[in-house]
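K.L.:
In my numbering, the protein residues as written are 1 to 192.
Keep in mind the hints are simulated off the structure, nothing from the lab.
In this text the structure is predicted, and so the values were computed from the model without any measurement.
Fair warning: there could be bad hints in the mix.
[As the list claims (entries may be wrong)] DSS-like mimics (lysine-lysine), calculated; alpha carbons at most 27 angstroms apart, straight line:
#1 128 - 109
#2 88 - 109
#3 88 - 5
[As the list claims (entries may be wrong)] Okay, the calculated beta carbon distance ranges per label pair:
#4 13 - 178: 26 to 32 angstroms
#5 117 - 67: 18 to 24 angstroms
#6 55 - 31: 32 to 38 angstroms
#7 27 - 123: 46 to 52 angstroms
#8 156 - 119: 29 to 35 angstroms
#9 159 - 78: 23 to 29 angstroms
#10 3 - 44: 53 to 59 angstroms
#11 31 - 119: 21 to 27 angstroms
Where is the CB? At the ideal position from N, CA and C, for every residue including glycine.
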Amino acid sequence: MRNFKFLFIVLALAILMGGALPLYNVLVYQPAMIDTLVVAAEQDAIRTARHLVNDFFPQHQIDPFRDTFSPHQQATMQQLQIDYELLKIKAFSPDGVVIFSTDEGDIGKTNRHPYFLQRVARGLTVNKLVSKEQRSLEGQMLARDLVETYVPVMEGGRFIGAFEFYFDVTGKKTAINEVAESSTRFLLLMTI
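Input sequences plus hints: build the corresponding full structure.
P.N.:
What follows is the structure, encoded as structure tokens:
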């Protein structure tokens, strides 16, 4: 009788865990891993922006985001795009005008979206995970998963410009989804 109770408890726990763990994967684990992916991209963007600011702008330059970038600065931005496997890099003037982009068609356009004016221009980093076939912050439909990050550049508490980085996270997001799905399938099979 005692062994029967023990077996019953073990079986009940196995069934409970078999149902609870897949739910945990879907509701907790997978979203947490996606959030970690977004935060990592945001921190990479902040580091990259600091690197660019330190390398590009001498301390005596008052408004570095008012002029177009020099050929050397443009070449550096394009090399960063390759080195960091970025889909795109942009630089904005304080007015939201694109003064540089690795996609030349963006140069001269103005970002008038509320997130840019109300958050980025006030010194807040803004990012968004854009999944395939969703719209980016700028309204573009994309065929990849990416993290779109805006990093403001402040000098003495004053907004002087911003960088925007598009990190391709398609492979990483797919891997997270596959791990969550395969562990869920495994747990479900174990309960059968």
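K.L.:
Hint numbers the structure violates, sorted upward?
P.N.:
Violated hints (numbers, rising): 3, 7, 8; every other hint is consistent with the structure.
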